[in-house]
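Enquirer: Kindly generate the complete structure, drawing on both the sequences and the hints.
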Amino acid sequence: MTDPNDPLRVIPTDAPPIGACRKTGDSLPPLTLMGEHDLCPGCGEPLALRQILDAIDAMDMAQRAIGTIGIGCYTALTSLMDIDLIQALHGRAPSVATGAKRMRPETLVFTLQGDGDMVNEGLQEVIHTAARGENVTCILLNNGVFGETGGHMTATTVLGQRTKNSIEGRDAGEHGFPILIGDLLARLEGTAYCARASVHDAKGVARTRRFLDRAFESQMKGQGFSFVEILTMCPTGWFLPTAEGPDYLDQELGAIHEVGELKKDGVLIES
Amino acid sequence: MPHERRLMEGSEAIAEAAIAAGCRFFSGYPMTPFTEVLECFAKRLPEEGGACINAESEIEAIGQAWGAAATGARAATGSTGQGLSLMQESMSEITRAEIPIVIFNMARGQGDYFQATRGGGHGDYRHIVLSPQSVGEAVDLTQLAFHLADKWRHPVVIYGDYLIAHTAEAVGIEAIDYGPLPEKEWAVDGSLGGTGRSRNVNPIGMEKGSKGIDPNGFWQKLADKEDAILDAEQRYEAVDTEDADLLIVAFGTLARFARAAMRDLRAEGLKVGLFRPISLWPFPKEALAKAAEGCKRVAVLEQNAGQMIEDVQLSLLGAVPVVPIGGISTDPAGFGIGALLDSDLIAGRARDAHAGRPVPRGVVS
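Residue numbers (my numbering), protein chains in the order written: chain A, 1 to 271; chain B, 1 to 365.
Note that these hints are calculated values from the structure, not bench results.
All C-beta atoms, glycine included, are put in the ideal place defined by N, C-alpha and C.
The reader is advised that the hints may include incorrect statements.
[What the hints assert, rightly or not] Ranges between beta-carbon positions, derived for each pair:
#: 1; chain 1: A; residue 1: Ser271; chain 2: B; residue 2: Ile213; range: 14 to 24 Å
#: 2; chain 1: A; residue 1: Glu106; chain 2: B; residue 2: Asn54; range: 17 to 27 Å
#: 3; chain 1: A; residue 1: Asp201; chain 2: B; residue 2: Gly49; range: 31 to 41 Å
#: 4; chain 1: B; residue 1: Ser365; chain 2: A; residue 2: Gly222; range: 55 to 65 Å
#: 5; chain 1: B; residue 1: Asp124; chain 2: A; residue 2: Lys164; range: 46 to 56 Å
#: 6; chain 1: B; residue 1: Thr195; chain 2: A; residue 2: Ala131; range: 27 to 37 Å
#: 7; chain 1: A; residue 1: Gly173; chain 2: B; residue 2: Pro30; range: 36 to 46 Å
#: 8; chain 1: B; residue 1: Trp186; chain 2: A; residue 2: Asp265; range: 36 to 46 Å
#: 9; chain 1: A; residue 1: Gly222; chain 2: B; residue 2: Pro30; range: 21 to 31 Å
#: 10; chain 1: A; residue 1: Lys164; chain 2: B; residue 2: Ser365; range: 52 to 62 Å
[What the hints assert, rightly or not] DSS-like, lysine-lysine: derived pairs with alpha carbons at most 30 Å apart:
#: 11; chain 1: B; residue 1: Lys296; chain 2: A; residue 2: Lys164
#: 12; chain 1: B; residue 1: Lys290; chain 2: B; residue 2: Lys271
#: 13; chain 1: B; residue 1: Lys221; chain 2: B; residue 2: Lys184
#: 14; chain 1: B; residue 1: Lys225; chain 2: B; residue 2: Lys211
#: 15; chain 1: B; residue 1: Lys285; chain 2: B; residue 2: Lys296
#: 16; chain 1: B; residue 1: Lys43; chain 2: A; residue 2: Lys221
[Unchecked claim] Which stretches of chain A does chain B cover? Using the computed rule of at least three CB atoms under 8 Å from a CB of chain B, they are:
#: 17; region: 29-41
#: 18; region: 53-63
#: 19; region: 77-90
#: 20; region: 176-189
Expert: What follows is the structure in structure tokens.
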């Protein structure tokens with residue numbers, strides 16, 4: 001994980017002074033196997049993952065947890081997650097999670113999926129998993145684009161958003177409307193907990209963690225299906241300067257996919 | 001009372017055999033002629049402390065079985081050929097992820113031979129295919145399938161049909177001990193998070209703690225395993241092949257009709273033998289080549305336009321002339337109960353092949 005040719009790296013000495021400057025990778029946060037990843041600068045997915053791992057660690061569930069992972073940029077993060085994982089196909093993680101949970105009901109079972117994965121390819125799976133009241137937590141990292149292919153339109157792309165295959169911006173007449181997946185899932189009786197968070201600022205990150213805690217608690221209480229949607233920045237897929245990602249997320253995607261809890265203890269929260 | 005012999009439909013016998021083998025998870029979607037397999041699992045698995053899910057599609061059925069099997073449980077799914085078409089993406093990935101799983105294909109006849117043996121999914125893979133000729137053999141092969149799946153960490157398909165699923169035969173279900181198996185240390189039971197040794201059962205060769213993948217090394221490892229399966233798991237039955245002039249090759253329930261035809265032909269004094277591949281992959285190539293030695297002709301009886309015949313030709317490499325004596329033949333509903341299921345008709349075609357006369361081609365009606 002360390003590169004001796006990297007001129008920016010501070011070489012640790014045999015007896016480093018207290019408080020010596022280190023690369024982030026030199027000290028690993030909980031449930032992390034590596035301090036580096038290959039995702040783009042400004043990506044929101046590592047921020048979201050950090051909250052997921054911290055929530056599992058805080059619940060002391062690391063040795064009773066199974067993650068089922070979809071296909072997207074975040075798939076690359078599985079190499080650094082120190083959690084037992086099953087890699088699923090694009091869209092299929094809720095089904096794989098269902099099978100795992102039925103055989104290991106004592107474990108915390110969660111999915112990690114993107115919007116292309118869950119809302120395009122796998123919409124049927126997540127809806128039926130919720131409708132069955134399957135006692136798993138599905139986690140959506142929603143950035144409104146297929147990030148891994150380089151910024152293409154998904155089912156959650158907001159109207160007017162430019163992508164590589166809606167180059168003049170998503171047009172309702174031509175491309176249809178975005179699916180507000182959290183709102184859809186909240187309406188299903190099998191859903192016990194449902195919330196939408198965002199990692200565009202520190203407050204949003206803290207709220208993300210709070211919602212994840214509540215979803216995991218709901219699952220371990222056996223309340224039924226739980227769902228946390230996390231809006232994440234994708235400046236690369238949005239064709240924006242890195243620093244403009246958080247504001248774009250808050251003002252464009254966040255204006256349509258509104259942040260907040262949608263359902264708690266099986267009761268809809270009216271906005 | 002599972003140990004008593006009793007009259008059982010194949011669907012029930014398969015479910016009971018799977019449960020005897022330790023299967024505790026099943027997921028499926030109704031489709032003729034597979035539906036009753038799902039019904040039996042739905043009734044019986046909860047009684048055994050297992051789970052059966054009525055999946056919303058075959059795609060989800062295999063996804064759910066994938067998740068169950070990945071945790072180390074013995075798990076299965078199934079459908080008919082049409083449903084297996086929907087499952088192919090997962091079957092390919094599960095093979096690469098090395099997850100043991102059993103898939104019951106109650107096919108609509110024998111037109112899905114290529115689908116079963118070549119795999120309709122993407123990528124460089126094969127899976128084990130076992131083809132029973134009777135309900136009794138389906139009971140044994142079902143249990144063997146779970147054993148082989150665990151032994152090789154590889155999917156196993158049971159290729160049955162309408163007759164296997166819906167014929168009642170007197171069978172007894174007992175757990176069969178096929179020998180010791182390695183511990184499932186690879187299985188994701190959720191217990192190793194935070195230890196630095198957590199697992200990732202995945203189909204793309206990702207390793208925990210290292211970035212990037214090595215697709216060449218990963219795929220070669222799978223190819224090496226499939227070579228080992230090829231050597232170790234060929235299964236077949238050879239009947240009266242020693243002195244045969246004509247060797248009939250047939251698989252599954254159709255082989256029973258071929259056997260009846262063969263008895264009649266033997267009674268007439270014609271030296272006819274029968275070779276029945278039980279494992280369709282790996283295909284028993286060497287055994288077939290040996291059985292065909294000294295034969296004038298090899299007659300391939302299959303209920304399709306000609307699929308297994310390619311494996312027969314690859315086994316014989318031109319050493320013996322190969323003649324197709326089957327053909328497309330189904331009932332009006334398309335479930336594979338066609339006019340070819342007739343030992344007299346088969347005997348007539350075998351007689352033609354034996355005499356070197358042309359055998360009719362086209363639809364068998």
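Enquirer: Please go over all the hints and tell whether each is borne out by the structure.
Expert: Comparing the hints with the structure gives:
no.	hint	result
1	Ser271(A) with Ile213(B): 14 to 24 Å	44 Å, violated
2	Glu106(A) with Asn54(B): 17 to 27 Å	24 Å, holds
3	Asp201(A) with Gly49(B): 31 to 41 Å	48 Å, violated
4	Ser365(B) with Gly222(A): 55 to 65 Å	58 Å, holds
5	Asp124(B) with Lys164(A): 46 to 56 Å	31 Å, violated
6	Thr195(B) with Ala131(A): 27 to 37 Å	36 Å, holds
7	Gly173(A) with Pro30(B): 36 to 46 Å	39 Å, holds
8	Trp186(B) with Asp265(A): 36 to 46 Å	38 Å, holds
9	Gly222(A) with Pro30(B): 21 to 31 Å	29 Å, holds
10	Lys164(A) with Ser365(B): 52 to 62 Å	54 Å, holds
11	Lys296(B) with Lys164(A)	64 Å, violated
12	Lys290(B) with Lys271(B)	17 Å, holds
13	Lys221(B) with Lys184(B)	18 Å, holds
14	Lys225(B) with Lys211(B)	25 Å, holds
15	Lys285(B) with Lys296(B)	18 Å, holds
16	Lys43(B) with Lys221(A)	28 Å, holds
17	29-41	holds (count 7)
18	53-63	holds (count 5)
19	77-90	holds (count 12)
20	176-189	violated (count 0)
In summary, the structure is inconsistent with hints 1, 3, 5, 11 and 20 from the numbered list given earlier, while agreeing with the others.
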